[in-house]
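**Student:** Here is what each chain is made of, one letter per residue.
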Amino acid sequence: MNILRALRDKPWLHPSAAATAAQYPGPDTTAAMRILLRFILAIVGVLFFLFIITFLARSQYPDFEALAGQPWQPFTDPSRLWFNTALLACASLAIQWGLGGTRAGRLNVTVAGISAAVFFTVLFLVAQFDLWLRLQSMGFYMASNPANSYFYLLTAVHGLHLIGGLVVLSNVVFRVWYDNSPESLSAPLQLCTTYWHFLLGIWLVLFALLTSRPETINALAAMCGF
Amino acid sequence: MQNVAIADQPDHLHDPQTFVTKYIYSQDHKVIAIQYGLTAVFVGLVALVLSGLMRLQLGFPDTFDFIDPGAYLQFVTMHGMIMVIYLLTALLLGGFGNYMIPLMIGARDMVFPFMNMLSFWAYLLSVIVLLASFFVPGGPTGAGWTLYPPQAILDGTPGYDWGIILMLASLAIFIIAFTMGGLNYVTTVLQARTHGMTLMRMPLTIWGIFTATVLGLLAFPALLVSAIMMMLDKTLGTSFFMPALVSLGENLDYSGGSPVLFQHLFWFFGHPEVYIVALPAFGMVSDVLATHARKNIFGYRMMVWAIVGIGGLSFFVWAHHMYVSGMDPAFGFFFATTTLIIAVPTAIKVYNWILTLYRGNIHLTVPMLFAIGFIFTFTHGGLTGLFLGNVTIDLPLSDTYFVVAHFHMVMGVSPIMVLFAAIYHWYPLITGRMFNERLGKLHFWFTFLGTYAIYLPMHYIGFLGVPRRYFAMGSTDFIPESAQSLNASITVSALIVGLSQLIFLYNVFWSMRHGKPAGHNPWGATTLEWQTPDVPPRHGNWGPELPQVYRWAYDYSVPGAEQDFIPQNHPVSASEQTSGEHEERNS
Numbered sequence: 001m002n003i004l005r006a007l008r009d010k011p012w013l014h015p016s017a018a019a020t021a022a023q024y025p026g027p028d029t030t031a032a033m034r035i036l037l038r039f040i041l042a043i044v045g046v047l048f049f050l051f052i053i054t055f056l057a058r059s060q061y062p063d064f065e066a067l068a069g070q071p072w073q074p075f076t077d078p079s080r081l082w083f084n085t086a087l088l089a090c091a092s093l094a095i096q097w098g099l100g101g102t103r104a105g106r107l108n109v110t111v112a113g114i115s116a117a118v119f120f121t122v123l124f125l126v127a128q129f130d131l132w133l134r135l136q137s138m139g140f141y142m143a144s145n146p147a148n149s150y151f152y153l154l155t156a157v158h159g160l161h162l163i164g165g166l167v168v169l170s171n172v173v174f175r176v177w178y179d180n181s182p183e184s185l186s187a188p189l190q191l192c193t194t195y196w197h198f199l200l201g202i203w204l205v206l207f208a209l210l211t212s213r214p215e216t217i218n219a220l221a222a223m224c225g226f
Numbered sequence: 227m228q229n230v231a232i233a234d235q236p237d238h239l240h241d242p243q244t245f246v247t248k249y250i251y252s253q254d255h256k257v258i259a260i261q262y263g264l265t266a267v268f269v270g271l272v273a274l275v276l277s278g279l280m281r282l283q284l285g286f287p288d289t290f291d292f293i294d295p296g297a298y299l300q301f302v303t304m305h306g307m308i309m310v311i312y313l314l315t316a317l318l319l320g321g322f323g324n325y326m327i328p329l330m331i332g333a334r335d336m337v338f339p340f341m342n343m344l345s346f347w348a349y350l351l352s353v354i355v356l357l358a359s360f361f362v363p364g365g366p367t368g369a370g371w372t373l374y375p376p377q378a379i380l381d382g383t384p385g386y387d388w389g390i391i392l393m394l395a396s397l398a399i400f401i402i403a404f405t406m407g408g409l410n411y412v413t414t415v416l417q418a419r420t421h422g423m424t425l426m427r428m429p430l431t432i433w434g435i436f437t438a439t440v441l442g443l444l445a446f447p448a449l450l451v452s453a454i455m456m457m458l459d460k461t462l463g464t465s466f467f468m469p470a471l472v473s474l475g476e477n478l479d480y481s482g483g484s485p486v487l488f489q490h491l492f493w494f495f496g497h498p499e500v501y502i503v504a505l506p507a508f509g510m511v512s513d514v515l516a517t518h519a520r521k522n523i524f525g526y527r528m529m530v531w532a533i534v535g536i537g538g539l540s541f542f543v544w545a546h547h548m549y550v551s552g553m554d555p556a557f558g559f560f561f562a563t564t565t566l567i568i569a570v571p572t573a574i575k576v577y578n579w580i581l582t583l584y585r586g587n588i589h590l591t592v593p594m595l596f597a598i599g600f601i602f603t604f605t606h607g608g609l610t611g612l613f614l615g616n617v618t619i620d621l622p623l624s625d626t627y628f629v630v631a632h633f634h635m636v637m638g639v640s641p642i643m644v645l646f647a648a649i650y651h652w653y654p655l656i657t658g659r660m661f662n663e664r665l666g667k668l669h670f671w672f673t674f675l676g677t678y679a680i681y682l683p684m685h686y687i688g689f690l691g692v693p694r695r696y697f698a699m700g701s702t703d704f705i706p707e708s709a710q711s712l713n714a715s716i717t718v719s720a721l722i723v724g725l726s727q728l729i730f731l732y733n734v735f736w737s738m739r740h741g742k743p744a745g746h747n748p749w750g751a752t753t754l755e756w757q758t759p760d761v762p763p764r765h766g767n768w769g770p771e772l773p774q775v776y777r778w779a780y781d782y783s784v785p786g787a788e789q790d791f792i793p794q795n796h797p798v799s800a801s802e803q804t805s806g807e808h809e810e811r812n813s
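From first to last, the protein sequence lines are chains V and A.
In this text, residue positions in the first sequence follow this note's numbering: the first is 1, and each later residue adds one.
In this text, residue positions in the second sequence follow this note's numbering: the first is 227, and each later residue adds one.
By construction, these hints were calculated from the structure, which means they are not laboratory data.
In this text, all values refer to a predicted model and were calculated from it rather than measured experimentally.
Note that beta-carbon positions come from the ideal geometry of N, C-alpha and C, so glycine has one too.
Heads up, a few of these hints could be off.
[To be verified] One-sided excerpt, in silico: chain V residues whose CB lies under 8 Å from chain A:
no.: 1; residue: 4
no.: 2; residue: 31
no.: 3; residue: 32
no.: 4; residue: 41
no.: 5; residue: 43
no.: 6; residue: 61
no.: 7; residue: 105
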């Protein structure tokens, strides 16, 4: 571990410390962006982790009715959510494909990949919103049960993060377009791709949690000590 | 990529030309730091006035008609929230973090200057939203700074309607602002250090700010989560935290929610918040002590490890704020143990500060006085923390003035002492002029002695069992009459200390024009911020060439050296090289 080695350094001993100076070559935009992304992923991860912990804690109160398990619950048959998941997975695959095109210097693949990623992401958001409307029409309102509240809340927070990703992606694309330097797209697109995969991963966790039957939720809550 | 400008880009890329770009729409870390600082001090003065009003009521009850119980609770709430979040966090990280990081690590600016600017404007917006709550129907929230549900959003609590919504919105905006700034600080420290500035050559100020920022980035999401969920409980009628309730004879629509869940979330943020404030203060006071004692900091590596260790441990102690919430005794035992463990690295730091002073060439300058004052106040606050960390002692003392006295000593007065030390220490760098020494010392003695005049008796009335948050004691049998005399004396002391801050403000503004020119490095400090070609540093900080670092930040009173300090960018001499090799062989 570099950080542990660094923390053992004795800076008051000049010759040894001077020798390590070469390890820090100075500022580097790509490396800085990579560090930024890692911290953003950590923060987003903590945010969802905390939401999930509160979900598990709240699930142990008697008024909590999981959204799956009984025939009348909306996600006992989660096919609609599988469809939405497939849309987000397509977005993730498309942006990865676009990144591959950038690395291979094939601008048409890059454009197609990014366009498809944006298309599938927007479609996912629309499909999620449509799901909200369906739940409402079935009488599953936000305040009528904590499980419903969590469904709306978690999907909304996840959707907002995707919208944030779309804003950053469009900013990157337009800047590259404006500067007319497609070769400079590779590094920022790599970061966007990582972000998309991360949000897909978060969604899969949320999907699993929100469609879990009460026994599964209770077992998870018990593992967390609730 | 102008909006992600890296620290060593040529100056002209974002060199401000007009008043607006220089002072308003500025991406210069130093200007942003001053913007943060001025806003934080302004809002802090509002909180200071609120504390004065609270003390007037407590010291002289039934005297002031305009302070009713509701207004009193609003003053308490806004005072606490402003001081902890909008003053201390913002000034220590947004203010000093912004000013010091690029200068101390030898960078030209933050790595993402545009995002840095956005951070300040979002912070300003959060302050405006917060202060707007004074002008809405019902006024600001009076739920206490912890905003515990269910009372925070129920009829009967002052500001339950608009006030709490604005408070939660303001907190959410603040967290976004902090996150944008914090991402900048950590990335800049990790990525933009100049040649030779290894991690272990960074001054402890940077270690403190860096670790506190990491804590903030990971802890503030807990506050955001609780703010969002409480906002939904308030506005959309969800029941995340709200249990089934009968209010004023009516069944409310809430059911089954868990107020204790909010407490866990809040304190999962709230305790690291103590260290978000304390760690930068620890770092800055270390640098002030070393500089003004002309001695290298004692146990540098241990100081770094202690900062990192305290940061890590701070995520495992939160429930010691909740001993009276009815938790499992095993939980209480666990959190009492972790609380006592965190005292170990903290005590190491205190010993190291004292050992730094031991046989040092102590210059009793104003920054040094405040730094030494901090060691006193922090030790006192820390020791009472050991009392309260134990479940059996905490239970009877919970919700008494003992707790109020404890946390004011440890995270109110102590970081403020360091802030004053830091402002006086770096004032010559920031303004290019010296402050008035005599006024500074007068300010110190009023503040330091006044602090004890306020908080020593407050511990005592806490022991007597006087409860906190009460508008008036009324006819309470177990509290003797003399407690009221103490309360009056505390109020008089608090008003004097409050007014004495005018000396500080006068000194700051007067010296800006009339102070003696500071010249280059007036304290004889080793760290990079004092080695800039211009004082105050110009945009871009370093002129055409970035500095090269050759040594650690604490080469004071080195035997055989020409001066009693060797700046970090001073090359290593042949004799030092030889003695260094000798030392390394023996280490």
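**Student:** Determine for every hint whether it applies to the structure shown.
**Tutor:** Tested hints:
1. 4: Where the cut-off is 8 Å and the nearest Cβ of chain A is about 11 Å from residue 4(V), the hint is violated.
2. 31: holds, 6 Å
3. 32: OK, holds: residue 32(V) within 8 Å of chain A, min 4 Å.
4. 41: violated, 11 Å
5. 43: With Cβ-Cβ at 5 Å, under 8 Å, it holds.
6. 61: Nearest chain A Cβ about 5 Å off; hint holds.
7. 105: It is violated, given that the least Cβ distance between residue 105(V) and chain A is near 21 Å, above 8 Å.
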